[in-house]
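One-letter residues, chain by chain:
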Amino acid sequence: MVLIYLDNINGAIKKSSLEALSYGAAVAKQLGTDAQALVIGDVSSDLSALGQYGVSKVHQLSGVNEFDAQGFARLVADKATEGNASVVVFSHSLSGKALAPRVSVRLKAGLVTGAVALPDTSNGFVVKKSVFSGKAFANVRINSAIKIVSLNPNAFTAVLGAGSAEVVTTAATISSNVKIASVSKSSGARTLTESEIVVSAGRGMKGPENWGMIEELADVLNAGLACSRPVADAHWRPHHEHVGQTGVAIAPNLYIAVGISGAIQHLAGVNRSKTIVVINKDPEAPFFKAADYGIVGDAFEVIPKLTAALKAGS
Amino acid sequence: MKILVCISKTPDTTAKIAFTDNNTKFDTNGVQWIINPYDEWYALVRAIELKEADASNSIHLISVGGSDAEPILRKALALGGDEAIRVNIDIDDSYTIATQIAEVAKSGGYDLILTGKETIDHNGSTLGGMVAELLNLPYISLATKLDMNGSIAHVTREIDGGQELDEVATPVVISAQKGMAEARIPNMRGIMAARTKPLSVVEPVACDALTSTVSFEMPPAKAGVKLVDAENVAELVRLLKEEAKVV
Ligand SMILES: Cc1cc2nc3c(=O)[nH]c(=O)nc-3n(C[C@H](O)[C@H](O)[C@H](O)COP(=O)(O)OP(=O)(O)OC[C@H]3O[C@@H](n4cnc5c(N)ncnc54)[C@H](O)[C@@H]3O)c2cc1C
Numbered sequence: 022m023v024l025i026y027l028d029n030i031n032g033a034i035k036k037s038s039l040e041a042l043s044y045g046a047a048v049a050k051q052l053g054t055d056a057q058a059l060v061i062g063d064v065s066s067d068l069s070a071l072g073q074y075g076v077s078k079v080h081q082l083s084g085v086n087e088f089d090a091q092g093f094a095r096l097v098a099d100k101a102t103e104g105n106a107s108v109v110v111f112s113h114s115l116s117g118k119a120l121a122p123r124v125s126v127r128l129k130a131g132l133v134t135g136a137v138a139l140p141d142t143s144n145g146f147v148v149k150k151s152v153f154s155g156k157a158f159a160n161v162r163i164n165s166a167i168k169i170v171s172l173n174p175n176a177f178t179a180v181l182g183a184g185s186a187e188v189v190t191t192a193a194t195i196s197s198n199v200k201i202a203s204v205s206k207s208s209g210a211r212t213l214t215e216s217e218i219v220v221s222a223g224r225g226m227k228g229p230e231n232w233g234m235i236e237e238l239a240d241v242l243n244a245g246l247a248c249s250r251p252v253a254d255a256h257w258r259p260h261h262e263h264v265g266q267t268g269v270a271i272a273p274n275l276y277i278a279v280g281i282s283g284a285i286q287h288l289a290g291v292n293r294s295k296t297i298v299v300i301n302k303d304p305e306a307p308f309f310k311a312a313d314y315g316i317v318g319d320a321f322e323v324i325p326k327l328t329a330a331l332k333a334g335s
Numbered sequence: 175m176k177i178l179v180c181i182s183k184t185p186d187t188t189a190k191i192a193f194t195d196n197n198t199k200f201d202t203n204g205v206q207w208i209i210n211p212y213d214e215w216y217a218l219v220r221a222i223e224l225k226e227a228d229a230s231n232s233i234h235l236i237s238v239g240g241s242d243a244e245p246i247l248r249k250a251l252a253l254g255g256d257e258a259i260r261v262n263i264d265i266d267d268s269y270t271i272a273t274q275i276a277e278v279a280k281s282g283g284y285d286l287i288l289t290g291k292e293t294i295d296h297n298g299s300t301l302g303g304m305v306a307e308l309l310n311l312p313y314i315s316l317a318t319k320l321d322m323n324g325s326i327a328h329v330t331r332e333i334d335g336g337q338e339l340d341e342v343a344t345p346v347v348i349s350a351q352k353g354m355a356e357a358r359i360p361n362m363r364g365i366m367a368a369r370t371k372p373l374s375v376v377e378p379v380a381c382d383a384l385t386s387t388v389s390f391e392m393p394p395a396k397a398g399v400k401l402v403d404a405e406n407v408a409e410l411v412r413l414l415k416e417e418a419k420v421v
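The listed protein sequences correspond, in order, to chains A and B.
Once you know that position 192 of the first sequence is 213 in the working numbering, the rest is easy, because the numbers rise by one and skip nothing.
Once you know that position 148 of the second sequence is 322 in the working numbering, the rest is easy, because the numbers rise by one and skip nothing.
It is worth saying that the hints were derived from the structure and are not from the lab.
As the structure is a computational prediction, the values presented were derived from the model and not from experiment.
One should not assume that every hint holds.
[Stated by the list, open to error] Heads up, simulated BS3-like pairs for lysine-lysine below, C-alpha to C-alpha not over 27 Å straight-line:
1) Lys225(B) to Lys319(B)
2) Lys400(B) to Lys200(A)
3) Lys332(A) to Lys225(B)
4) Lys419(B) to Lys326(A)
5) Lys206(A) to Lys319(B)
6) Lys371(B) to Lys295(A)
7) Lys200(A) to Lys302(A)
8) Lys396(B) to Lys302(A)
9) Lys419(B) to Lys302(A)
10) Lys310(A) to Lys326(A)
11) Lys310(A) to Lys396(B)
12) Lys280(B) to Lys295(A)
13) Lys176(B) to Lys36(A)
14) Lys415(B) to Lys326(A)
15) Lys332(A) to Lys227(A)
16) Lys332(A) to Lys280(B)
17) Lys200(A) to Lys419(B)
18) Lys50(A) to Lys35(A)
19) Lys129(A) to Lys78(A)
20) Lys419(B) to Lys35(A)
21) Lys326(A) to Lys400(B)
22) Lys371(B) to Lys200(A)
23) Lys280(B) to Lys129(A)
24) Lys400(B) to Lys302(A)
25) Lys295(A) to Lys419(B)
26) Lys200(A) to Lys415(B)
27) Lys280(B) to Lys371(B)
28) Lys200(A) to Lys227(A)
29) Lys302(A) to Lys225(B)
30) Lys332(A) to Lys400(B)
31) Lys78(A) to Lys36(A)
32) Lys415(B) to Lys295(A)
33) Lys310(A) to Lys319(B)
34) Lys400(B) to Lys310(A)
35) Lys295(A) to Lys190(B)
36) Lys310(A) to Lys419(B)
37) Lys190(B) to Lys310(A)
38) Lys415(B) to Lys36(A)
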C-alpha cells in the first residue's frame, strides 16, 4: 500500500496535498498496489471525493487539531505500519518538512525530499529531486524496505478521474510538549510555493511606495507576490516574499520579474519556473539569459500597460 | 545553557554547478566552500547573540564530514563558537549524518540543538527533524525568531499563511531561517582566537545509509529569450496566452 499524508490547513486540503495524492496514486499503480490517504484532524469538505485522485481509502484521525511534529509523526508512522505501507508520500510543504524526517527515523525508511518526478522503479527505487537550489537534479536511490518521498509543490499535476474513497474515521489523541501561544496570519498572502503565477519585483522599483502597480498586476493574474533579497533586507517587503537561494524556492508556471537584475542567487530559487518573463530597462541584465520572454523598458511605464492589456483581454 | 549548532559545508552561492565521473559526482574543481548560509546567518549567529546576552551559555559546533570540513568549522569558531566537533565520515545520506549528530548530542547535555532550515546544495530540510526523532525531542521547524526565558524557548515558526509562536521546554531541536538573525562577518580577534579553540575529531558510529545518490542531471537549457517591444505589451499577453499557455 502507498500511504499519502495530506496537510490539513484549518480544515482544508491544499493543492500541494492533492498533487501528492495523485502522485501517490501513480506510484501505487506503478507498484501494482493500492493508494490510501491519511488526514489528521477535522476537515470541512467531503473526504470521499478524494477518491477522484485515485485513492481507495481515506483514513481520518479525528480530534487532533493542533499540529505537533512529534505527535503527528507517531500517528503517521503507526498508520503506515498498521497498513503495511511500502511507500509513504508527503508534500514538501511546511508541515511535510517537519514530519517526513521524523517518520523516516521511526520507520527506518529512506527519505527523498523535494521530488520532482515519479520514481524509476525499473531497478530499485530511484527518485529525481531538485538540488543546488534548482540549478540541478539528483537521482537518489532509496535502499530501505519502506520508502518515503516528499513531493515539491507544482512539480506534479493533480489528475482528476472518477471514483469515491471509503472514509474511515477514528479518534486519536497526542500529547504535545509544545504549547502554541499564539497564531498570527499574514494579511492576504497567497502561499507563494503554491501560486501558479508569481509576480516578483526588485530594487528597480526604487522604493516600497511603488509596489501598488506590482500588486495590481498580481491581482489581475491572481498571482502570488515575491521580491529579491535586497528588497526584503531593506524592509520594503516582508521576508516571506524573498525568493532565491537564501529565500523561498518556487516553481510556478509563470514567473514575472520586474526590475530584478537576475543575480545567480536569485535565479537559483526561481529557475524551475516553467515560463519566465523579465521586464528590465537594462538590455544587458543577466536575467534576460534565463528568460523565455522579455521587455526592455521602464517598469513604471510597462507594468500599468501590461495590467491594462491583461484586464482588456480577460 | 549549552547550545549545539550543526554546521554544513556547502559550495559558495556563485559556484559553477557541474558534474564529473559520468555525472555521478559534483565537480569540486575551483569551488569555494562556505558555511551553509542558513547554518551560519541564522542558527549560529542567533546562538552567538544568546551567548552575548548571557555569557554562561556555551556554543558547540558539529560538522559531519572529512578533514576538508575543518576550515569551515574554524570560520564558525571565528564567528563565535566555543569548541567544535567533527565526525569523521564523508557521506551524503542524511539519516547517517543525523545518526552521528544524535550520537554526539546524547552525551553532550545540550539544551538547544540548532540547524539551518536546509543546505543550499542538497536542499533536504531533513536533518533537524531526524536528529529530534533520534533523540525523542520536540522539533520546531522553519523558525524565524528564538528567545529564551529560563529553560523555556519562545520560538516563532512559519506556518501556512502566517506565523505561530510556540513555547517549549528545553531540550529542543530548532531549524532556523531568515528573520532569526542578521549575517555577520568574523573580525580579526575572532579569527586569531579561533586558531586555538578546541576542534576534536570523533569516529562515526556504524549506520546503514538509507539513501545513495546515483547520478546528477542539469535542467534542459532555455531556448533563448523572445523580446517584445515595450510599446507593444499586447503582444506579450498574446504570447503568454497562445504560445506559453500560462495565462
Ligand atoms: C550568499 C548570497 C545569497 C544571496 N541570496 C539571494 C536570494 O536568495 N535572493 C535574491 O534575490 N538575491 C540573493 N542574493 C543577492 C544577489 O546577489 C543580488 O544582489 C540581488 O538579487 C539583486 O537584487 P535586485 O535584482 O533586486 O537588485 P539589483 O541587482 O540592484 O537590480 C535592479 C535591476 O532593476 C533594473 N531597473 C532599475 N530601474 C528600473 C526600471 N525603472 N524599470 C525596469 N528595470 C529597472 C536594473 O536594470 C537592474 O537590473 C544573495 C547574495 C549572496 C552573496
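Restraint status (C-alpha distance of Lys396(B) to Lys302(A) at most 27 Å): holds (22 Å)
Does Lys302(A) sit within 27 Å of Lys200(A), going by the straight-line distance between their CA atoms? violated (50 Å)
Take the C-alpha atoms of Lys332(A) and Lys400(B), compute the straight-line distance between them, and say whether it is at most 27 Å. Roughly 23 Å separates the two Cα atoms, so the pair holds.
Does the alpha-carbon distance linking Lys400(B) and Lys200(A) stay inside the 27 Å limit? Cα-Cα ~53 Å, so violated.
Within 27 Å, alpha carbon to alpha carbon, are Lys225(B) and Lys319(B)? Given that 27 Å is the threshold and the Cα spacing comes to 16 Å, the pair holds.
Hey, Lys78(A) versus Lys36(A), does the alpha-carbon distance stay inside 27 Å? holds (19 Å)
Regarding the pair Lys400(B) and Lys310(A), is the alpha-carbon distance no greater than 27 Å? The given pair, whose Cα atoms are some 10 Å apart, holds under the 27 Å limit.
Distance restraint between Lys50(A) and Lys35(A), which requires alpha-carbon spacing of 27 Å or less: holds (23 Å)
Holds or violated: Lys280(B) and Lys371(B), Cα atoms, limit 27 Å. holds (22 Å)
Can you confirm whether the C-alpha distance between Lys419(B) and Lys35(A) stays at or below 27 Å? Holds: Lys419(B) and Lys35(A) sit about 24 Å apart, inside 27 Å.
Verify the proposed pairing of Lys176(B) with Lys36(A), using a straight-line Cα cut of 27 Å. Judged against 27 Å, a Cα distance of about 41 Å means the pair is violated.
Proposed proximity, Lys400(B) with Lys326(A) (alpha carbon, max 27 Å): At roughly 19 Å apart (the allowed maximum being 27 Å), Lys400(B) and Lys326(A) satisfy the hint.
Going through the hint list in order, the structure does not satisfy hints 2, 3, 6, 7, 12, 13, 16, 17, 22, 26, 28, 29, 33.
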